[in-house]
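Enquirer: Hints in hand, dock the two standalone chains.
Each protein sequence line maps, in turn, to chains A and B. Here the first sequence stands for residues 1 to 416, numbered as in this note's numbering. Here the second sequence stands for residues 417 to 512, numbered as in this note's numbering.
What the hints contain is simulated information worked out from the structure, not anything from laboratory work. Any given hint might turn out to be false.
Straight-line alpha carbon distances no greater than 30 Å define the calculated DSS-like cross-link-like pairs of lysine-lysine that follow [as the list claims (entries may be wrong)]:
no., chain 1, residue 1, chain 2, residue 2
1, A, K245, A, K266
2, A, K245, A, K217
3, A, K64, A, K266
4, A, K97, A, K245
5, A, K17, B, K439
6, A, K20, B, K439
Stretch-level coverage of chain A by chain B, calculated; a stretch enters the list once three of its residues show a Cβ under 8 Å from a Cβ in chain B [unchecked claim]:
no., stretch
7, 155-166
8, 242-253
9, 380-393
For each residue, glycine too, the CB sits at the ideal point set by N, CA and C.
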Amino acid sequence: MRFSGFRVVKEALTGHKGWKPLWRDPDPQPAYDIVIVGGGGHGLATAYYLANTFDKPRVAVLEKGWLGGGNIGRNTTIVRSNYLLPGNQPFYEFSLKLWEGLEQEFNFNAMMSQRGILNLIHSDAQRDAYRRRGNAMLLSGADAELLDLAAVRDMYPFLNFDNARFPIRGGLLQRRAGTARHDAVAWGFARGADLAGVDLIQNCEVTGFRIENGTVKGVETTRGYVGAGKVGVAVAGSTTRVMEKAGLRLPIESQGLQAFVSEGLKPAIDGVITFGAGHFYISQSDKGGLVFGGDIESYNSYAQRGNLPVVEDVMECGMAMLPGIGRARVLRSWGGIMDMTMDGSPIIDRTPVQGLYLNGGWCYGGFKATPASGYTFAHLLATDTPHPVTTAMRLDRFERGHLIDEKGAGAQPNLH
Amino acid sequence: MIIPHPLLGPRDSQEFTIMGDAKLLARPDGLADGAEAAFFDYLYLRDNPAGLHRELWYHEQGDRSWLVVTRDTLTHEILGAELASDVARRLAEGAA
Ligand SMILES: Cc1cc2nc3c(=O)[nH]c(=O)nc-3n(C[C@H](O)[C@H](O)[C@H](O)COP(=O)(O)OP(=O)(O)OC[C@H]3O[C@@H](n4cnc5c(N)ncnc54)[C@H](O)[C@@H]3O)c2cc1C
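Chain B extracted, bound-state conformation (with noise of 0.2 Å):
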């Protein structure tokens, strides 16, 4: 597979390991009421879904970036990917 980097551009994905669901980034609010059922959740429960997929790459054996990669489950294809700290300002814009 072939990790479109938006910095450094086509790179092979076994320079990176993978974390999982992008849903990783939104992290419930500890002290909010609910917090527990929130967490089990954020920590345990997956959408795995037979299709796209949001995940988390790590660029460990390259510039240390985290990116949120979108891929088909069914055939492997990616589509796209961006930097995760830009998915996750704009996650921090749309809760603000």
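Here chain A stands alone, though its shape is the one from the complex (with noise of 0.2 Å):
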């Protein structure tokens, strides 16, 4: 389904009748080159790029349920590339530079809005841990500015900046960060994937690999076996239980996240700020609401919900940095299921199993790095050589001892 002015017009005086669905609805053919299992914004930002950078059309992706209905419809939105490790950070400079040319690769309005994004300081430590990180940030090609309490209280004049324990003294501040409407992001990807021929296969459950000597011949689904030159997992909270019917184990836990999002307000805040002293962060949305979120729960759960104690955790950081939001109502919360890893970084790598290759890990964070995890993926899965940017988010880094651990915690996911 393509769209133009003179279409919206001619619609507009017939009725919209003759408006399409946005990519066709087609049954699985007997086998594909390549079959992606997992169609959120990871398994549609792959075949995407499979078919249109990579020249690979014979391509499904296999969903359990509907596109978009995992953690690329639920998250918070925030896209940006304001890591520390020479692992990651490369990587995620590269996805907001695809990010930037999103709208027009894909041709499909997905809100971009680069609105920044500002992590304060709270301390003499804080400072110079974040000027360390601004420079590493730099040293990518991304930008970073470290602000001072005044350039900060010009920004947010709301902010508060006195509060006894956590003093504000400043930010860092990524100004090429934002959001985007992280659904239009699914369909934009879905139906370019489907323009250039790609099978999008919905309502079909993965659930076996059929494995001959070692090597991937395809997959058994709810609708039947697909046969695969090569199989791409892209299953995010999802991630040990689809891989351990190929008989992996994996160095990840599942965990769950909430936001939360206000009542429609009108526009106070401007980017996205995230607090220095706990975990929260917020920004507000196009159509007014505030949406925020913080912890993760810290326990394994696949109940696609949270509990309590987060919830009161994330009201009490918000109240510590912006007490201006006490008024506002919570319309709604919601949780995703999260795969964690023991280091708090991805994983895009072939596996033991030859011709299944694994896109997973991707923490809290997976949303910012869409395209540029989709377009990387699709590189392996079409080169059989990792993308540049990807060389350090290996399967067997755990073994080697080549961890990217941004925070240093140690192998607990629950600290990343």
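Expert: The following block contains the structure:
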């Protein structure tokens, strides 16, 4: 389905009867060159780049529910490249550059808004740490600015600057960061993949792998067997459950993360702000709702919902940073299940099973990665070599001791 | 979530911190053959089940005991809790 100004006028005059679904709803073929498991942001982006950039059109995406109904439809939509380590930061900066051209690339309005992210600084030690991070960002080709107190006051005069325990001393600002419309990102990639010939197959759960002599031949699904030259798995919070069907145990625990949105308010917060003394971040959607979140739930869960202790913690952090939000009413909260790795960083790699590839371990930060994850996973699937910005994101890095541990927290997922 | 502490009775899980899979009680022997592979498995790999999970909780704001809690990861229902020291002792006796 394509759009044009002419089409909009024509449909308006003819009762909007000519609009068609954005993509086809095909039945699975007996076999494909490449099968992607998971129709979330990463799976759809992978299929999009495989067909459009790497010229591999005989691709199918198998999704157990509907397209974009997983974490891509549940996140708080923050896009940024303010990581520290050399194994991560070039990847996220590559992703941010793709975000900047994404709407032109797939010709769909993803409401990408580079409204900036400000990480607040509350102590001298934190300023040193953020200065180091800012320099790492600059070295990777990203933008970063260290703001003093006056500059932060100028941007957001309503913050709680003189909180006795957590006074605000400054901030690290990335102006090119921002937010995007999460659903539209999934839809844009889906439409672009469909137009290029990819079969997007919904209500099709992968229930097993057919593996012969250590090589994957295809997948068993609720809609029958589908043969495949290669299989790429991108199922986010379900990573371990799907990969155990191929006999793999992974350095991953599934945990819940909640998010919250308030009633619609007049424009007040025009960027993304993160609290530096606890886990809290906030932005305002174009509809006016304050969108905010905080810590993960800390325990293994597949329940797709969180518990009240984290709700309380998030609200307390919010009130400590921005007391003015105390009068806003929370409209909704929800949760998603994330694949937390043992070092807090993702995996894009081959697996010990020939022809089976893994894209997972995105923890709570995989939305910003969507375009680059799709691009680099497509690169790996198409060329059998890792893209230069993902060479550190190996599955065997835990065994070899080459972790990408941004926080230096060690092998405990709930600390990342 | 309410954790049935074996000594203190029902306690709010907010008083606890969680460390993860209770398999961490079974630390491999560092001098045995294949210790390197055993430690990789011990430190990094997890079953991550959808269903019953035995996990280590620490009563940080209580009596500072470690518990092994059995919990359903699909529903968050807690089915039981025992002192980790008891579980560790049973493990050691089983191994001896
Ligand atoms: C509350 C919340 C807030 C977040 N906020 C941010 C943020 O601000 N910024 C950021 O960068 N990231 C954020 N994230 C993380 C981000 O949403 C995820 O890392 C990312 O969406 C995961 O990749 P995905 O889009 O491919 O996942 P999903 O959309 O979850 O896609 C995986 C798909 O696989 C399918 N699947 C699973 N098992 C099978 C099977 N057996 N067969 C077929 N299909 C299967 C699922 O149905 C699902 O559609 C947040 C996450 C949550 C939950």
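Enquirer: Now, for every hint given, state plainly whether the structure supports it.
Expert: Quick rundown of the hints versus the structure:
no.	hint	verdict
1	A:K245 with A:K266	49 Å, violated
2	A:K245 with A:K217	14 Å, holds
3	A:K64 with A:K266	39 Å, violated
4	A:K97 with A:K245	36 Å, violated
5	A:K17 with B:K439	60 Å, violated
6	A:K20 with B:K439	53 Å, violated
7	155-166	violated (count 0)
8	242-253	holds (count 5)
9	380-393	violated (count 0)
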